Amino acid sequence: MATPIRDPSSNVMSLPLPSPKAPLGYPDLYGKRREMARIQMLEREISFLEEELKSSEGFQPASKCCQEIADFMMANSDPLLPTSKKNRRSCRLWKWLCRMRCLNLSWVCCWCCDCFSTSCCNCKQSKCKCSSCVPSINCSLSNWCCCCDKKSHCCKETCDCNNKCCCSLPGCYFKWPFPSCCICKCSCSCTCPSFPKVLPSGCCTKC
Amino acid sequence: MSVTELKERHIAATETVNNLRERLKQRRLSLLDTDISGYAKSQGRTPVTFGPTDILCCRTLQGHTGKVYSLDWTSEKNRIVSASQDGRLIVWNALTSQKTHAIKLPCAWVMTCAFSPTGQSVACGGLDSVCSIFNLNSPTDRDGNLNVSRMLSGHKGYVSSCQYVPGEDTHLITGSGDQTCVLWDITTGLRTSVFGGEFQSGHTADVLSISINGTNSKMFVSGSCDSTARLWDTRVASRAVRTFHGHEGDVNSVKFFPDGNRFGTGSDDGTCRLFDIRTGHQLQVYYQPRRDTEMAHVVTSIAFSISGRLLFAGYTNGDCYVWDTLLAKVVLNLGSLQNSHEGRISCLGLSADGSALCTGSWDTNLKIWAFGGIRKVI
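Sequence order for the protein chains is L and Z. The first sequence begins at 1 in this note's numbering and counts up one residue at a time. The second sequence begins at 208 in this note's numbering and counts up one residue at a time.
Don't take each hint at face value.
Said to hold, decoys possible - Some chain Z residues close to chain L (C-beta under 8 Å, calculated; not the full set):
(1) Lys214
(2) Glu229
(3) Lys232
(4) Arg234
(5) Leu236
(6) Ser408
(7) Thr411
(8) Thr478
(9) Leu544
(10) Ser547
(11) Arg551
As the list claims (entries may be wrong) - These stretches of chain L come out as covered by chain Z in the derived footprint (C-beta under 8 Å, 3 or more residues):
(12) 40-47
(13) 50-57
(14) 61-75
Hints were generated in silico from the structure; no laboratory data involved. Bear in mind the structure is a predicted one, so any value in this text is a computation, not a measurement. C-beta: ideal position from N, C-alpha, C; glycine also.
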């Protein structure tokens, strides 16, 4: 409680003017704890960075990573790439060797198997297999698979009269959503009616 | 220890952290002997070349009445789910262009969607901070609406991205505006792990995108407004495995490279970048071709073709560049082709077999692009 003061002029006791109290002497625990938490995070970050610095001694140079990327791209066919020809330069020698039946190189030949639909042609086993693809056609080239979808999607052109489609291989016509690896030619056969001197138009159209 | 002493310790620790980061940066720089395009040129590689009709728009999926924000393909069978500003998810048969489901969402502000690996469920998330799961085989209610089968609540900010863990219909990962990523158990609706957050070594700003490694589903990357991408191991939530610096703006999109050892990013700074997860190397920067006075357009979304040779990048000006990943050259712009989108490309994704690309746009449509030419086998 404030001590009363005697006013000299009036000889009256009065209380001093109010003034704010001095702050209590409690420790700033919240500030301390927050600061300690920050320090702990930094010290953890220091140990992470030291670990990473140590492990970086074993890092390979960027050129090695680039080589891995390029090799991966070459090893995997891509339905969206316009041509597979250039991707398969290294396969030409193997393709020639693969055709030689006297050499049992099926495990290597399969590596060169040109699969545009990875779900269809399985190149990972010792022989190229066309699985889960009906119908499938074994290409004329030894150990090469070519997977065809239904024949109705195989032939692009339609033929007049009794059309009969035949597929010529090898070749791939890739058109989403029904990829087909047949390049088709139509061969027609038809019978003309036996009306004398009158030939209906459109009969016996040749492809 | 007094607060003053603690502050001094804080300053010393900060200095140590900065020194170590600088040493790590210098170590990395010393190993950056080339980038991918430099390596490819030294090997005599030539860019991919497309003919005028090699890539065509085969389908336009029309039905949304608002901007398309997100899309995802099924793992098998050609179906797509898309999310739009109109507050709906639509499930499309990509072959026939027909809609198999149109789901009116409880919260219209959706930002992301994903198909489950079996194709039986779809997930979505947005400004409601919740990831909602819909079972496509469930019966609809009297109004023909499909009800939410599970709500994953726990984020303290918007859900910007979601992806199911490959091969698991019961787990998915979300990225959020609360700066964290979460691995969820859908069966229980609970969080299995939280990546980042206040006291963990995580992002320091909103997470905008995530991508789970297709060859090792224990690893995923996240992209954030803090301009970094971070690699996470789902078994170790306490800290990021590695932080990837380089971008100068928000990282809007991240996507793993098909070999599982690299990933790509797309950013507000207009560039795409390719990083190596094992070493942290920034292997390539893909700069938009532009005049000096022209501003770079923001990259909204990216995807790799199945071999990784092509990098698709959607931009805010409606362009969709096809990059030759190896030579770092733009080989095609889908935005300049016939029948292209009329607005910003907001999302894109490749079909599971790599034969088609779907793009989603603010023009409310989705489009499917595929190879339309003939390839001859030698």
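Evaluation of the provided hints:
Nearest Cβ of chain L to the Cβ of Lys214/Z: about 6 Å, under the 8 Å cut. The hint holds. Taken as an interface hint, Glu229/Z does not check out: its beta carbon lies about 10 Å from the nearest beta carbon of chain L, beyond 8 Å. Checking Lys232/Z against chain L by beta carbon gives a least distance of about 10 Å; that is not within 8 Å, so the hint is violated. Look at Arg234/Z: its Cβ gets to within about 5 Å of chain L, closer than 8 Å, so that hint holds up.
Because the closest C-beta pair between Leu236/Z and chain L is about 10 Å apart, greater than 8 Å, the hint is violated. Interface restraint check for Ser408/Z: the shortest CB-CB distance to chain L comes to about 6 Å, inside 8 Å, so the restraint holds. Hint status for Thr411/Z relative to chain L: violated, with the closest Cβ pair at about 12 Å, above 8 Å. At its closest, the beta carbon of Thr478/Z sits 17 Å from a beta carbon of chain L; the interface hint therefore is violated under the 8 Å criterion.
Against a cut-off of 8 Å between C-beta atoms, the interface hint on Leu544/Z is violated, since the closest Cβ of chain L lies about 14 Å away. For the restraint placing Ser547/Z at the interface with chain L, the shortest Cβ-Cβ distance is roughly 17 Å, beyond the 8 Å limit, so the hint is violated. Checking Arg551/Z against chain L: minimum C-beta separation of about 23 Å lies over 8 Å; hint violated. Only residues whose beta carbon comes within less than 8 Å of a beta carbon in chain Z count, and the region 40-47 of chain L has 6; three or more means the coverage holds.
Only residues whose beta carbon comes within less than 8 Å of a beta carbon in chain Z count, and the region 50-57 of chain L has 4; three or more means the coverage holds. Residues of the region 61-75 of chain L lying with their CB closer than 8 Å to a CB of chain Z number 11, which satisfies the three-residue condition for coverage.
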